[in-house]
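Enquirer: Sequence:
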Amino acid sequence: MDVHDVVAHLADTARTTRLGFAVALVRARFDFHRQNDRGVERERGASPRETLERLRRVASRRRPLSERSACRSVRRRLWRAKELTAGIKP
Numbered sequence: 008m009d010v011h012d013v014v015a016h017l018a019d020t021a022r023t024t025r026l027g028f029a030v031a032l033v034r035a036r037f038d039f040h041r042q043n044d045r046g047v048e049r050e051r052g053a054s055p056r057e058t059l060e061r062l063r064r065v066a067s068r069r070r071p072l073s074e075r076s077a078c079r080s081v082r083r084r085l086w087r088a089k090e091l092t093a094g095i096k097p
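The number in this note's numbering is simply the position in the sequence shown, starting from 1, with 7 added.
Just so you know, the hints here were simulated from the structure itself, not pulled from any lab data. Being a predicted model, the structure only gives us computed values, none of them experimental. The reader is advised that the hints may include incorrect statements.
[Stated by the list, open to error] Pairwise CB distance ranges (calculated):
id, residue 1, residue 2, range
1, Arg36, Arg63, 31 to 41 Å
2, Val33, Arg56, 18 to 28 Å
3, Arg63, Phe37, 30 to 40 Å
4, Met8, Arg56, 17 to 27 Å
5, Val13, Ser67, 17 to 27 Å
C-beta: ideal position from N, C-alpha, C; glycine also.
Whenever a hint applies, use it, and build me the whole structure from the sequences.
Expert: Dropping the structure here:
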């Protein structure tokens, strides 16, 4: 991982909503590293300058989702999904 990847990670974090984080984590089969790598790949531009511009466009958008908040949110959604599917056979 280099500075280019870190900037791409920051841009991805700034764009990610709580629901988007949960959906991306499910799509990554609950592998946080896979989910993070996909986000970095999505936001990484062809050049460091392009990636930095992407970060500049979203930097003032909102505060990034904190890890603690994200974990709480995902835990609640998983618990609710478990409750909703308790009586359903696979």
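Enquirer: Please test the hint of 31 to 41 Å on the beta carbon pair from arginine 36 and arginine 63.
Expert: With Cβ atoms ~33 Å apart, the hint holds.
Enquirer: Could you check the hint for me, namely that arginine 63 and phenylalanine 37 are 30 to 40 Å apart, CB to CB?
Expert: holds (32 Å)
Enquirer: Is 17 to 27 Å respected by the C-beta to C-beta distance linking valine 13 and serine 67?
Expert: This hint holds: roughly 19 Å between Cβ atoms.
Enquirer: With respect to the beta-carbon atoms only, verify the hint that methionine 8 and arginine 56 lie 17 to 27 Å apart.
Expert: holds (19 Å)
Enquirer: Starting from the range 18 to 28 Å, see whether the pair valine 33 and arginine 56 falls in it by beta-carbon distance.
Expert: violated (33 Å)
Hint violations for this structure: number 2 only, all remaining hints satisfied.
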